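Model the full structure from these sequences, guided by the hints.
Residue numbers (the working numbering), protein chains in the order written: chain A, 1 to 421; chain B, 1 to 421.
Do not take every clue at face value.
Chain copies aren't distinguished; within one or between two, either way the pair holds.
Unchecked claim - List of simulated lysine-lysine pairs, DSS-like, C-alpha gap at most 30 Å:
{"no.": "1", "residue 1": "304", "residue 2": "332"}
{"no.": "2", "residue 1": "284", "residue 2": "304"}
{"no.": "3", "residue 1": "412", "residue 2": "355"}
{"no.": "4", "residue 1": "332", "residue 2": "296"}
{"no.": "5", "residue 1": "355", "residue 2": "77"}
{"no.": "6", "residue 1": "355", "residue 2": "74"}
{"no.": "7", "residue 1": "332", "residue 2": "355"}
{"no.": "8", "residue 1": "284", "residue 2": "332"}
{"no.": "9", "residue 1": "296", "residue 2": "284"}
{"no.": "10", "residue 1": "332", "residue 2": "412"}
{"no.": "11", "residue 1": "296", "residue 2": "355"}
{"no.": "12", "residue 1": "163", "residue 2": "284"}
{"no.": "13", "residue 1": "296", "residue 2": "412"}
No wet-lab data here; the hints were simulated from the structure.
Nothing here was measured: the structure is a model prediction, and the numbers come from that model.
The lines below spell out each chain.
2 protein chains.
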Amino acid sequence: MLAGEQCIQPRGNLHMISVEEALDRILAEIQPLNVVQAPLPEVQGLVLAQDIVAQEDIPPFANSAMDGFALQSKDSKPHNGKLPRLRITGSIAAGYVAEHAVEEGTTMRIMTGAPVPPGADSVIQVELTSTESSDSPWVEIQQEVAPGNNIRPAGEDMRRGQKVLTRGQTIGPWEIGILATLGYATVPVVRRPRVAILGTGDEVIDIHEPLQPGKIRNSNSYLLEAAVRAAGAEAHRLGVARDTVESLREKFTEAVQYDLILTSGGVSVGDFDLVKDIMQEQGKMNFWRINMRPGKPVAFGQIKGIPLLGLPGNPVSSAVTFELFGRPVIRKMSGHAQLLKPQIDVTVENGVQEKAMRRHYVRAHVVWHNGHFIARTTGNQGSHIMTSLLNANALVIVPEGGVTIAPGAQAKAMMLDWPEV
Amino acid sequence: MLAGEQCIQPRGNLHMISVEEALDRILAEIQPLNVVQAPLPEVQGLVLAQDIVAQEDIPPFANSAMDGFALQSKDSKPHNGKLPRLRITGSIAAGYVAEHAVEEGTTMRIMTGAPVPPGADSVIQVELTSTESSDSPWVEIQQEVAPGNNIRPAGEDMRRGQKVLTRGQTIGPWEIGILATLGYATVPVVRRPRVAILGTGDEVIDIHEPLQPGKIRNSNSYLLEAAVRAAGAEAHRLGVARDTVESLREKFTEAVQYDLILTSGGVSVGDFDLVKDIMQEQGKMNFWRINMRPGKPVAFGQIKGIPLLGLPGNPVSSAVTFELFGRPVIRKMSGHAQLLKPQIDVTVENGVQEKAMRRHYVRAHVVWHNGHFIARTTGNQGSHIMTSLLNANALVIVPEGGVTIAPGAQAKAMMLDWPEV
Numbered sequence: 001m002l003a004g005e006q007c008i009q010p011r012g013n014l015h016m017i018s019v020e021e022a023l024d025r026i027l028a029e030i031q032p033l034n035v036v037q038a039p040l041p042e043v044q045g046l047v048l049a050q051d052i053v054a055q056e057d058i059p060p061f062a063n064s065a066m067d068g069f070a071l072q073s074k075d076s077k078p079h080n081g082k083l084p085r086l087r088i089t090g091s092i093a094a095g096y097v098a099e100h101a102v103e104e105g106t107t108m109r110i111m112t113g114a115p116v117p118p119g120a121d122s123v124i125q126v127e128l129t130s131t132e133s134s135d136s137p138w139v140e141i142q143q144e145v146a147p148g149n150n151i152r153p154a155g156e157d158m159r160r161g162q163k164v165l166t167r168g169q170t171i172g173p174w175e176i177g178i179l180a181t182l183g184y185a186t187v188p189v190v191r192r193p194r195v196a197i198l199g200t201g202d203e204v205i206d207i208h209e210p211l212q213p214g215k216i217r218n219s220n221s222y223l224l225e226a227a228v229r230a231a232g233a234e235a236h237r238l239g240v241a242r243d244t245v246e247s248l249r250e251k252f253t254e255a256v257q258y259d260l261i262l263t264s265g266g267v268s269v270g271d272f273d274l275v276k277d278i279m280q281e282q283g284k285m286n287f288w289r290i291n292m293r294p295g296k297p298v299a300f301g302q303i304k305g306i307p308l309l310g311l312p313g314n315p316v317s318s319a320v321t322f323e324l325f326g327r328p329v330i331r332k333m334s335g336h337a338q339l340l341k342p343q344i345d346v347t348v349e350n351g352v353q354e355k356a357m358r359r360h361y362v363r364a365h366v367v368w369h370n371g372h373f374i375a376r377t378t379g380n381q382g383s384h385i386m387t388s389l390l391n392a393n394a395l396v397i398v399p400e401g402g403v404t405i406a407p408g409a410q411a412k413a414m415m416l417d418w419p420e421v
Numbered sequence: 001m002l003a004g005e006q007c008i009q010p011r012g013n014l015h016m017i018s019v020e021e022a023l024d025r026i027l028a029e030i031q032p033l034n035v036v037q038a039p040l041p042e043v044q045g046l047v048l049a050q051d052i053v054a055q056e057d058i059p060p061f062a063n064s065a066m067d068g069f070a071l072q073s074k075d076s077k078p079h080n081g082k083l084p085r086l087r088i089t090g091s092i093a094a095g096y097v098a099e100h101a102v103e104e105g106t107t108m109r110i111m112t113g114a115p116v117p118p119g120a121d122s123v124i125q126v127e128l129t130s131t132e133s134s135d136s137p138w139v140e141i142q143q144e145v146a147p148g149n150n151i152r153p154a155g156e157d158m159r160r161g162q163k164v165l166t167r168g169q170t171i172g173p174w175e176i177g178i179l180a181t182l183g184y185a186t187v188p189v190v191r192r193p194r195v196a197i198l199g200t201g202d203e204v205i206d207i208h209e210p211l212q213p214g215k216i217r218n219s220n221s222y223l224l225e226a227a228v229r230a231a232g233a234e235a236h237r238l239g240v241a242r243d244t245v246e247s248l249r250e251k252f253t254e255a256v257q258y259d260l261i262l263t264s265g266g267v268s269v270g271d272f273d274l275v276k277d278i279m280q281e282q283g284k285m286n287f288w289r290i291n292m293r294p295g296k297p298v299a300f301g302q303i304k305g306i307p308l309l310g311l312p313g314n315p316v317s318s319a320v321t322f323e324l325f326g327r328p329v330i331r332k333m334s335g336h337a338q339l340l341k342p343q344i345d346v347t348v349e350n351g352v353q354e355k356a357m358r359r360h361y362v363r364a365h366v367v368w369h370n371g372h373f374i375a376r377t378t379g380n381q382g383s384h385i386m387t388s389l390l391n392a393n394a395l396v397i398v399p400e401g402g403v404t405i406a407p408g409a410q411a412k413a414m415m416l417d418w419p420e421v
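Here it is in structure tokens:
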């Protein structure tokens with residue numbers, strides 16, 4: 001090796017690993033966080049940490065599916081060719097219980113959702129009855145009804161003792177509805193991860209500052225904050241570390257109070273790429289180069305036991321590698337079983353002409369059209385071309401080894417706006 | 001009409017309108033909310049209210065794509081069969097500018113992202129150079145480079161004056177990255193809707209309370225709160241109105257301080273279904289019956305100018321009609337152009353045997369399998385069967401008129417977990 005190379009050559013593992021190996025090695029180090037008891041509105045999007053068993057029948061009581069009259073079904077039979085007339089002995093609104101039973105020859109008005117009174121075995125809807133006036137004590141039954149007619153039995157939806165929700169399920173609006181129905185005001189869930197986001201580099205200034213020569217704004221921290229939130233975690237921007245060991249050490253002292261540290265920049269081969277050094281000083285580096293484009297320099301390891309994912313400084317690399325590695329980490333920490341975006345076959349309308357030796361994740365917009373998924377790539381795919389992210393909802397995957405995709409040819413695409421599988 | 005029917009018959013419009021007409025009539029009354037200036041992290045998911053024009057070139061200056069040496073490309077030519085040796089006059093880190101120019105026969109070390117020094121027209125990556133030691137003042141150039149080599153020109157991503165984001169775009173993590181890059185710390189967005197959620201009915205108790213005879217827990221308000229949040233709006237539960245005109249009036253006095261009122265229950269034909277009465281007293285009712293299942297009794301109108309969507313009391317009806325009508329309302333208020341979930345062709349593996357005269361939205365789980373979308377329905381489709389919502393990510397649409405779908409036949413399905421189109 002030449003001396004001149006040594007002075008800015010990488011320290012540590014030179015090996016460039018595959019995307020799959022990187023993902024395996026990352027996820028092997030990540031475990032779901034601890035379980036906490038949390039109230040209903042806050043558990044949205046979190047993972048249920050125990051099976052939920054119905055403690056009651058749902059519906060809790062047999063109730064009417066219609067507005068109508070509760071009766072004994074045998075009383076609905078015509079008698080000697082005449083429609084039966086039943087005496088109305090009361091009225092039951094939803095939320096109230098009958099004060100007496102329905103006896104032979106009698107009936108009670110009943111509203112949808114109201115408990116079926118004792119003695120009654122069916123409900124006839126009001127449209128199939130006739131009364132002479134609103135205060136008439138008699139109602140004519142115009143159609144024969146079978147036992148159980150318009151009655152929703154207790155326990156028809158959920159039976160007491162039945163497992164209704166399963167540990168590991170994601171709690172969405174509908175699961176919240178079921179938990180509320182069963183009276184679970186709080187439930188045990190895997191805690192929401194708290195993620196520290198750290199920019200690095202003397203060139204990075206805050207977004208509120210005017211540009212100065214040689215400087216660029218801290219777009220990555222804001223992008224990653226939003227992406228972390230979209231992945232279901234709390235995001236905490238810790239600002240930008242300078243390119244000194246001292247500045248990085250100070251920032252990492254703060255960062256290790258979180259569940260995951262995301263950095264951007266500082267993981268390449270330059271003299272000032274110190275994130276790897278600190279990782280080796282205070283923790284352990286697992287790997288730092290992946291055979292992919294954009295985003296070869298992705299470092300993974302831990303500092304004081306806290307996993308650290310070092311993303312590249314180029315904004316597109318940072319955005320894409322977060323989707324590929326950061327999001328699955330957050331999902332695994334959150335207890336999700338489905339970690340990865342689905343890959344589907346697409347027709348790449350405009351093709352991918354550019355050869356890349358590394359696996360190439362090409363930003364693309366995929367639509368479903370005439371029974372096919374059609375992908376259109378989003379222009380200049382340079383890792384500093386943020387506009388290539390605009391309108392992209394997928395990454396077309398071009399295999400390693402300088403492969404191109406002819407216009408109209410098939411390829412795999414990862415659907416970024418579909419749920420994980 | 002018989003007198004007995006009148007006493008619990010509907011007041012107002014008897015007409016049952018189609019889902020499409022209902023949606024048209026609802027959306028015709030909804031306008032995007034006002035525009036506010038909001039800071040970057042908070043605009044996630046909101047709609048941009050003006051075009052964003054780059055005020056600077058991005059990158060703001062020509063910079064190096066590699067760690068290496070900045071030079072005049074003509075100096076990289078071998079001379080008399082010998083590799084050129086250039087004198088190293090300095091080093092430029094990212095974030096700093098060169099203090100002098102690169103002159104003929106000289107070079108400067110340069111890091112990725114650092115500004116290209118004056119005089120240099122190319123960068124050679126360090127791997128193609130050789131130095132005798134780390135402090136040697138000379139470097140051997142081992143490959144000829146062309147002008148522009150490894151240089152990212154200023155403005156290659158975005159040009160000053162270029163429109164980069166368009167009014168009406170949804171701001172996701174990547175758009176936030178672009179706004180940060182351009183120094184937009186705040187941007188004008190359509191305000192996030194604030195939605196009041198009101199349960200109704202004497203039978204409804206809070207989720208913290210033990211069940212009493214005839215009572216059910218307030219699952220709808222919690223379900224809707226989560227669904228409203230998932231649709232990108234703020235949700236405010238206002239509790240449960242009793243089945244009295246006074247109680248409803250009181251709740252509506254509070255509710256009209258929000259942008260949209262969602263009620264559940266109280267819009268059917270019963271004596272105690274008073275939401276429609278109050279709507280007619282204090283505002284206007286547009287319609288209240290839709291030819292669909294679940295969820296025929298959906299009322300729409302306004303109270304004191306605030307749109308009110310009255311959803312049915314049955315939890316499944318409430319959940320499904322929110323997806324069909326409530327979510328598009330929130331999206332239109334939020335300024336989105338894409339309001340509706342995509343409908344795709346699916347193979348209904350287990351079919352739909354149950355005949356319904358109304359349009360039937362059948363809860364189903366859809367997966368992409370062997371080049372087809374396969375739907376499997378989720379069991380008992382009764383509007384009180386909440387467990388039919390579990391695992392459903394789609395609604396299979398069965399046309400009006402008592403149509404069935406044979407096992408393995410095709411149908412349209414609305415994909416609830418895909419983005420709107």
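Each hint tested on the structure:
For the identical chains of this complex, residue 304 and residue 332 are intra-copy neighbours only, at 20 Å inside a copy versus 48 Å across copies, given an alpha-carbon limit of 30 Å. Taking identical chains as interchangeable, the C-alpha atoms of residue 284 and residue 304 lie at most 30 Å apart only when both belong to the same chain, with a minimum of 9 Å there against 63 Å between chains. Taking identical chains as interchangeable, the C-alpha atoms of residue 412 and residue 355 lie at most 30 Å apart only when both belong to the same chain, with a minimum of 17 Å there against 40 Å between chains. For the homomeric pair residue 332 and residue 296, the shortest alpha-carbon distance inside one copy (23 Å) is at most 30 Å, but the shortest distance between copies (41 Å) is not.
In this homomeric assembly, residue 355 and residue 77 come within 30 Å of each other (Cα to Cα) only across copies, at 27 Å, whereas the closest approach inside a single copy is 82 Å. Taking the closest pair of Cα atoms, residue 355 and residue 74 come within 30 Å of each other only across two copies (27 Å); inside a single copy the shortest separation is 81 Å, beyond that limit. With identical chains, the CA atoms of residue 332 and residue 355 are never at most 30 Å apart, being 34 Å at best within one copy and 43 Å at best between copies. In the homo-oligomer, the alpha carbons of residue 284 and residue 332 lie at most 30 Å apart inside one protomer (21 Å), although the nearest pairing across protomers, at 50 Å, exceeds that limit.
Proximity of residue 296 to residue 284 under the C-alpha cut-off of 30 Å is restricted to the intra-copy arrangement: shortest distance 19 Å within a copy versus 61 Å between copies. Taking the closest pair of Cα atoms, residue 332 and residue 412 come within 30 Å of each other only inside a single copy of the chain (24 Å); across copies the shortest separation is 34 Å, beyond that limit. Taking the closest pair of Cα atoms, residue 296 and residue 355 come within 30 Å of each other only inside a single copy of the chain (16 Å); across copies the shortest separation is 57 Å, beyond that limit. Proximity of residue 163 and residue 284 under a CA criterion of 30 Å is satisfied in neither setting, with 43 Å inside one chain copy and 45 Å between copies.
With identical chains, the CA atoms of residue 296 and residue 412 are at most 30 Å apart within one copy only, with a shortest distance of 20 Å there and 43 Å across copies.
Hint compliance for this structure: hints 7 and 12 are not met, and every other hint is.
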